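Trainee: Residue strings, one per chain:
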Amino acid sequence: MGKRIYALAAALGVALAVLVGVSAGAGGTPGVTSKLISIGGTFPLSGPASSYGTIPQAESAYFSYFNSLKQPGGKRGVYGRQIQFTYLDDGYNPAQTVQLTRQLVEQSKVFAIFNSLGTEPDEAIRAYLNQAKIPQALVATGASEWGTLAKKYPWTIGYQPTYVSEAYAYGQFIVKKVPQAKIGVLYQNDSYGKDYIAGLKKGLGSKQNQIVDMEGYEVTAADVGSQIAKLKASGANTLCIFATPKFSIQAFAIAAKLGWNPIVFNNSVSATPTLMTIATGASTPATTNGTITATYLKDPTDARWANDAGMKLYRKIMAAYYPKGNVNDQFNVYGMSAAWTMVKALEAAGPNPTRASLMAALRSMNYSDNPFLLPGIKVQTSASNPFPIQQQQLTRWTDGKFVNFGPLIKG
Amino acid sequence: MQQFLQQVVSGLASGGVYASLALALVLIYRSTEVINFAQGEMATFTTYVAWQLIDWGVPFWVAFFATLAFAFVFGVAIERVVIRPFEHGPVLTVVIVTIGLLVLLNGLDGWIWGAEIKSFHSAFPTRPIDIGGVAFSLQDIGVIAVSLLAVFLLWLFFRYTKVGLAMRAAAVNPDSARLTGVRVGWMLALGWGLASMLGALSGLMIAPVVFLDPNMMQVVLIYAFAAAVLGGLQSPAGAVVGGLLLGVMLNLLGTYVHPVTPELRLPVALLVLLIVLLVKPSGLFGRAVVRKV
Amino acid sequence: MRGERLVKLGAIAGGAALVVVLGFTMTDYHQYQGGIVAYYLIAILGLNILTGYTGQISLGNGAFMAVGGYTTAILCGHHGWPELATIPVAAAVAGAAGFLFGIPALRLAGPYLALATFAIAVAVPSLAKRFDHFTGGSSGITLPIHTGHYLYWASWICAGIGYVVAWLVLRGRTGRAFRAVRDSEVAAVSSGVNLASYKTLAFGISAAYAGVAGALLAIGAAYTNPDTFPVTLSLYLLIGAVVGGLGSLWGVIFGALFIEYLPIYAQKTYFGFAFSKQAPSVVYGLVLILIMLVAPTGIVGLARRLRRSI
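Protein chains in written order, with our numbering: chain A, 1 to 411; chain B, 1 to 293; chain C, 1 to 310.
It should be emphasised that the hints constitute simulated quantities derived from the structure, not laboratory data. Fair warning: this is a prediction, and the values are worked out from it, not measured in the lab. Ideal placement from N, C-alpha and C gives every residue a C-beta, glycine not left out. One should not assume that every hint holds.
Unchecked claim - Chain C is faced by these chain A residues, among others (derived, beta-carbon under 7 Å):
| # | residue |
| --- | --- |
| 1 | N93 |
| 2 | E120 |
| 3 | A127 |
| 4 | Y128 |
Claimed, not checked - In silico DSSO-like cross-links for lysine-lysine, where the CA-CA straight-line distance does not exceed 27 Å:
| # | chain 1 | residue 1 | chain 2 | residue 2 |
| --- | --- | --- | --- | --- |
| 5 | B | K118 | A | K316 |
| 6 | A | K202 | A | K176 |
| 7 | B | K118 | A | K324 |
| 8 | A | K182 | A | K207 |
| 9 | A | K401 | B | K118 |
With the hints as extra help, turn the sequences into a complete structure.
Mentor: Written out as structure tokens, the structure reads:
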């Protein structure tokens with residue numbers, strides 16, 4: 001082989017050793033210096049779930065904006081510390097999530113993990129983060145386990161209203177206002193879809209038998225035509241769509257094609273104004289009109305908020321720090337609302353924050369002024385309540401936009 | 001009975017989608033003996049180009065035909081630049097190159113146009129039609145009709161035109177074809193150009209149904225492979241029949257055979273692919289290839 | 001010739017020494033990454049035996065990794081087995097699956113085989129969800145967490161064993177038979193090589209290696225679910241095998257390094273210029289095509305050509 005390979009191996013070895021080095025012992029709290037607080041998260045920026053990839057970019061925009069503000073006392077940032085937010089692409093593959101989270105924690109030495117997205121990706125890193133006593137803050141999924149397992153995993157906390165509580169609201173509404181409902185359910189065959197079903201059943205209570213048919217589909221399905229046809233054939237007059245955006249839009253399109261016009265409850269993940277507009281285009285206005293969903297965020301396309309301080313701020317930040325982003329995409333409002341909450345928690349963690357003090361702050365939140373949430377919705381946690389946002393409002397898609405109605409419902 | 005008919009009709013509708021991409025696969029295989037793993041991504045890319053044209057204000061039908069023209073050039077270019085260097089090499093090399101293309105184009109789609117779902121205007125009206133309680137739309141019929149029309153045009157082309165004859169000759173026996181003056185290299189490029197056009201057509205028809213995002217064709221590609229193999233990788237008519245048959249079969253299995261839950265639809269399609277490959281690799285309509293020793 | 005042999009041994013000893021030294025000096029996270037490189041190496045080694053030495057294209061080794069990974073996850077997560085003890089079992093189960101698949105695959109060649117193996121890679125995640133009674137469905141199975149140090153040593157020891165086994169297999173009669181099958185099936189049959197047994201053997205061995213790699217993946221991530229073994233895994237294994245150089249054991253390490261580090265480096269910012277986050281795919285695709293153009297026999301082939309031209 002010649003001396004080349006030997007020399008190559010030796011050179012490679014030296015280069016590697018120089019590159020990776022030995023870890024320097026670090027004093028103090030990881031991720032916190034006098035100038036910086038470093039947080040990180042993993043998100044699906046590529047692959048099947050990549051439409052959520054706009055969320056960390058909106059969050060990054062909010063942090064940049066906050067970093068630029070002069071606080072009382074003359075300093076910028078949280079007690080003079082700028083927030084550094086690193087987000088990485090895990091492609092929704094939990095094995096990648098684990099690797100990248102370890103990288104964030106052990107190599108980038110972040111202070112906390114923020115808003116990592118995806119039920120399974122977050123499940124994969126939960127034990128590791130809790131073992132290392134690192135906050136897994138404001139997890140970006142609506143699975144209820146983040147709250148229900150708070151005793152077992154005290155370093156993990158969710159954020160948005162759970163799927164269970166959302167479907168519970170639908171169930172309760174049906175019992176009160178649509179007593180003749182014969183319910184058909186289209187659901188994605190994983191914990192997301194099944195959580196929704198659990199909530200719906202809980203909300204229906206003794207009227208669970210009004211569910212006449214449930215049809216599941218796989219994420220790998222090409223279309224859900226067969227399932228919708230079966231649901232129509234079951235005689236259902238009410239349709240609950242517990243499906244991700246692509247399949248939810250398809251459900252509307254196929255229902256229109258089959259000439260089926262049930263009362264529709266669409267899950268909030270797939271019922272942003274942008275998506276509902278696409279759905280209306282793919283089916284007919286008559287099909288989507290009257291669709292009910294639950295919401296807790298302000299709708300960027302709603303004229304009601306044209307002069308609202310919070311949404312003005314939203315638009316300002318988007319224009320200044322994330323001009324490529326779609327201002328009408330409610331996912332961006334979501335991102336900023338989460339970033340806002342994180343900043344508040346970081347402030348509440350004190351001038352000398354530790355991971356424990358951040359966690360304590362996250363578990364004792366009481367904010368009723370999040371500018372991106374609907375008025376009256378609180379971000380609230382306590383020792384007995386691990387669910388930060390529990391309220392939602394039902395809203396109805398009417399003639400091309402959402403009209404909120406009814407009281408704030410607590411799930 | 002109505003449920004049965006409805007499932008059959010929906011199955012035909014889905015099947016039309018698989019069939020149109022399967023046609024492109026068959027065309028490339030027939031003219032160049034390459035299984036193009038990147039077919040779906042090429043179709044998605046060209047559909048994005050169409051979307052961009054429409055977004056820039058180009059009228060729909062102008063964009064439609066402009067995209068087909070672009071797709072042709074795109075296909076020819078890919079064959080000449082990317083595939084040609086590997087034509088005489090081992091099969092594995094070409095397979096790897098098409099996979100490289102797959103990965104490259106998929107990333108490119110997301111990079112240039114972002115990953116959010118985009119809506120796409122349909123070439124056909126989506127108004128529902130109801131006959132005897134069984135509903136479908138003109139769009140479904142349109143998709144199937146276009147596929148059948150494409151098969152017919154291809155048949156005419158291969159059978160009755162000089163160029164078509166030259167392409168067939170180049171595919172079957174390149175050396176002899178060269179001796180009779182056929183520019184074999186350009187025939188292969190032509191094959192890719194035509195297939196790319198078919199892929200674009202399929203993308204333009206599918207996008208209104210499954211909506212445009214970088215992974216739009218990934219699942220459809222698998223079903224298209226199963227359909228192409230079922231019908232016979234050498235047979236365009238087979239591809240269409242295979243697609244329709246697959247769509248109907250999956251729906252009926254999913255409705256009437258209870259162990260076949262939603263998770264199994266894809267594996268069932270793949271099982272069909274495997275069984276056909278093992279039992280009768282030339283598919284329903286293909287002729288068995290005998291390897292002479 | 002003796003000099004060359006000494007140098008080869010020297011390179012191997014040097015490589016082994018490097019692995020040992022790094023296992024005590026690198027940070028825990030880098031050891032974690034090093035462990036991942038090692039199990040990719042094992043998977044690519046197995047794929048190389050099948051595709052590089054026996055000429056059978058496989059786009060489905062990720063599926064065999066899934067078989068091994070789930071075996072480990074079920075034994076360890078559901079039945080409390082110690083993780084390392086599950087590795088041989090994972091190898092055996094995956095190897096058996098590969099062997100069984102090899103039997104019908106005998107009838108397929110070239111692109112048809114590629115298609116069939118691709119079909120398996122695509123089907124496995126869906127199957128894992130269907131049989132959720134065993135596999136925990138989409139919620140998956142969790143395993144005990146370990147340090148990067150643990151993964152590093154477990155993986156590199158397995159990689160070392162894998163290398164030795166591969167070397168022994170390939171230098172003997174089996175290896176010669178494999179190469180004969182690759183170079184010309186017709187000639188192989190006429191010189192008495194039993195095509196069926198060697199082809200299925202190659203599948204079985206390749207799958208066993210993939211099974212070990214999958215087991216280590218499950219142990220390293222401390223979690224398995226259908227999304228941890230996507231189709232792209234199978235594709236990246238093939239990319240790694242080709243980049244390293246098919247038909248040679250030397251290049252495998254480069255392939256493993258390539259598929260582990262490329263996505264990481266493609267996501268970084270260089271002098272203020274950041275690739276889009278979609279960049280890894282674009283770079284992978286481009287690099288793959290370019291490598292096939294410039295160095296179709298991989299980095300090893302390139303090295304050989306350079307050496308010869310001097």
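Trainee: Is the interface hint for E120 (chain A) satisfied, with its Cβ closer than 7 Å to some Cβ of chain C?
Mentor: 5 Å, holds
Trainee: Taking 27 Å as the top limit, are the C-alpha atoms of K202 (chain A) and K176 (chain A) close enough?
Mentor: With a Cα-Cα distance of about 14 Å, the restraint between K202 (chain A) and K176 (chain A) holds, given a limit of 27 Å.
Trainee: Close enough to count: is the Cβ of Y128 (chain A) nearer than 7 Å to one in chain C?
Mentor: 5 Å, holds
Trainee: Does K118 (chain B) pair with K324 (chain A) here, judged by a C-alpha cut-off of 27 Å?
Mentor: Measuring from Cα to Cα gives roughly 16 Å; hence the hint holds.
Trainee: Holds or violated: is there a CB of chain C closer than 7 Å to the CB of N93 (chain A)?
Mentor: Hint holds; N93 (chain A) Cβ to chain C Cβ min 5 Å, cut 7 Å.
Trainee: Does the alpha-carbon distance linking K182 (chain A) and K207 (chain A) stay inside the 27 Å limit?
Mentor: Holds - the C-alpha atoms of K207 (chain A) and K182 (chain A) are around 10 Å apart, at most 27 Å.
Trainee: Given the hint that K401 (chain A) pairs with K118 (chain B), does the C-alpha gap stay at or below 27 Å?
Mentor: Distance ~19 Å between K401 (chain A) and K118 (chain B) Cα, so the pair holds.
Trainee: Keeping to a limit of 27 Å between CA atoms, is the pair of K118 (chain B) and K316 (chain A) held or broken?
Mentor: The hint holds at about 25 Å.
Trainee: Let's test the interface hint: is any C-beta of chain C closer than 7 Å to that of A127 (chain A)?
Mentor: Status holds, d = 6 Å.
Figure legend: structure checked against the earlier numbered hints; every hint is met.
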